[in-house]
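Protein chains in written order, with this note's numbering: chain R, 1 to 537; chain B, 538 to 600.
Worth flagging that the hints you see were computed from the coordinates, not collected in a lab.
Predicted model, so just to flag it, every value in this text is computed and none were measured.
Just to be clear, a hint being listed does not mean it is correct.
Unchecked claim - If you only want the chain B side, here are some residues facing chain R, beta carbon under 8 Å, derived:
#1 Asn545
#2 Ala569
#3 Met570
#4 Cys573
#5 Lys574
#6 Leu577
Every residue, glycine too, gets a C-beta built ideally from N, C-alpha and C.
Below are the chains, spelled out letter by letter.
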Amino acid sequence: MFKTYSYPKFPYVQSAAQKTGEVVRHKLVIIGAGPIGLTAALDAAAQGLPCVVLDDNDTVSVGSRAVCYAKRPLEVWDRLGVGERMVAKGVGWKLGKVFFQDRLSYQFDLLPEDDNKMPAMINLQQYYLEEYMVDEIGRLPRVDLRWKHKLIAIEQQSDHAVLTVETPDGVFTMEADWVLACDGANSGVRAMVGAQFTGQFFQDRFLIADVIMKAAYPTERWFWFDPPFHPNQSVLLHRQPDDVWRIDFQLGWDADANEEKKPEKIIPRVKAMLGDDREFELEWASVYQFACRRIDDFRYGRVLFAGDAAHQVSPFGARGANTGVQDTDNLLWKLKLVIEGAAPLSLIDSYNEERAFAADDNLLNSTRATDFITPKSASSRLYRDATLQLAEQPEAEFARKLVNSGRLSMPTPYRHSSLNTPDEEVFSGAMHPGTNCADAPVKRQGREGWFLNQIGGGFTLLSFGPTPVESVAFGSVTARVLQVGRDIEDEKGVLAARYDAKPGTTYLLRPDQHVAARWRGFDEQKIVQALARAVAA
Amino acid sequence: MSLTLTPNIPDPDDFYKELIDSQRHMDDAQAAMMNCKLVLLLANHIGDRAIIHEALRRAGGAV
Chain R
1 MFKTYSYPKF
11 PYVQSAAQKT
21 GEVVRHKLVI
31 IGAGPIGLTA
41 ALDAAAQGLP
51 CVVLDDNDTV
61 SVGSRAVCYA
71 KRPLEVWDRL
81 GVGERMVAKG
91 VGWKLGKVFF
101 QDRLSYQFDL
111 LPEDDNKMPA
121 MINLQQYYLE
131 EYMVDEIGRL
141 PRVDLRWKHK
151 LIAIEQQSDH
161 AVLTVETPDG
171 VFTMEADWVL
181 ACDGANSGVR
191 AMVGAQFTGQ
201 FFQDRFLIAD
211 VIMKAAYPTE
221 RWFWFDPPFH
231 PNQSVLLHRQ
241 PDDVWRIDFQ
251 LGWDADANEE
261 KKPEKIIPRV
271 KAMLGDDREF
281 ELEWASVYQF
291 ACRRIDDFRY
301 GRVLFAGDAA
311 HQVSPFGARG
321 ANTGVQDTDN
331 LLWKLKLVIE
341 GAAPLSLIDS
351 YNEERAFAAD
361 DNLLNSTRAT
371 DFITPKSASS
381 RLYRDATLQL
391 AEQPEAEFAR
401 KLVNSGRLSM
411 PTPYRHSSLN
421 TPDEEVFSGA
431 MHPGTNCADA
441 PVKRQGREGW
451 FLNQIGGGFT
461 LLSFGPTPVE
471 SVAFGSVTAR
481 VLQVGRDIED
491 EKGVLAARYD
501 AKPGTTYLLR
511 PDQHVAARWR
521 GFDEQKIVQA
531 LARAVAA
Chain B
538 MSLTLTPNIP
548 DPDDFYKELI
558 DSQRHMDDAQ
568 AAMMNCKLVL
578 LLANHIGDRA
588 IIHEALRRAG
598 GAV
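With these hints in hand, go ahead and build the complete structure from the sequences.
Here you go:
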């Protein structure tokens, strides 16, 4: 059926606990082995936190689905040991073209910033992404990944949850101190705990098709507004590895999903789009519908939500999987510290504080893009078309800035987070408390490397000068010193420039590679206070 | 700076005629499209969001 990819079938294994009927209490049970659940499992393992992952299926994502992965999630995956493989297989792109009706409106270059290990964006079918993570998990004894395990009920107790799970061998019970629901937009867990999933700012349907095409189309992102081959709607063409091209046809909310999915309906559409007789084969197609909404609280007792289970956005700007990975990046180190008793329960609540803020930012961006792509009134349609017509004029650069076919997914800084220690001194540049750390080329023991590969997992004290101690502790939470000029070399000066460093400048960096606090000197007392604040103590 | 409401165009009758004449050959749809482009061009020229906001409000916009 699929010509470019063989779907793995992962073995179902009955657990010892189900065989014996013993009710085992786990520290963390993750529901769903999609991109977010698998990332969470890798992060748990990196934190030294054993976990069980339950998935009701036994293979990876069918079809390309998420496709676009941005720099920040790639950095997270790199911290977890799978980023390089994704980038090696993925297709990088820089040039985007925007078409309006029958002509090119303009083109743009992503202009990725130099001196970063990870590219601005890659395209990669979701099944590869998941396969690589499953492979990696196979090497990690702390992750117990169980296929054909379907969660059918959750009962919450004061300090744990009781899970009823169905397998091919029947139904059994397990317990978890914490449950992390990564079971997607139609999350069953969300329904089981009675969470609200509201705010339908917008809804639409898309036909998404993977087409195998050997023809020499350039590796660019092509976006059409109102093209002659698909009037009044938008179309997006993207290249993926293996000569597979991903085409998204916007259908509108009233479209009949089952009808539009039929090959006899899809093939003429693709033919009209290609505009000639070049050969292609249809690999996979699906109708995708979405709404923009989020869960009212990312935590319900002992159940936490991440990814599409917590927030659903429009596909413009690739904000689904990309933001989901940043959820688990934010959560896992907090869970570890709370489970170990090193931090109070309120640290977990900062997960909702920080990631609900990010979800709202994503929803805002995604709603703005959808409003541009699908104008809601004749008047807004006129403004949209006027913008696109002006954008064609070479001098009218301002109009091209107004065209919104989805803004590149960028991480949302946690500017107002209660975990931040506000600056007391003047800094310039982007590295405000709450911001994800910028990368930079560095040398370690004479070897070329990258700054982000030197940090993460635990707290780091990045110091641009000698320090009186090698680490600072608050209770059992320790921040270790990483000294520029001793532990790492900043030969190109990029690190110092990006962090606005002067001799003595010190940054406290969180385990998820975000800035917690910064100073112009090294004051142990202040560092201890900032560390306490960063773990919500 | 706030939105200028005192006369600011030296030859108002001539300006108004140029505005009207510029759309004389157009049907309603073409004129509406031109008006949108004009708003976008002038708004970008002004640039100051406070001024644009005040103009949107004074024009009867729900801002």
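Hint check:
1. Asn545: violated, 22 Å
2. Ala569: holds, 6 Å
3. Met570: holds, 6 Å
4. Cys573: Cβ of B:Cys573 sits 4 Å from chain R, so the hint holds.
5. Lys574: With a minimum Cβ separation of about 5 Å from chain R (threshold 8 Å), the hint on B:Lys574 holds.
6. Leu577: holds, 6 Å
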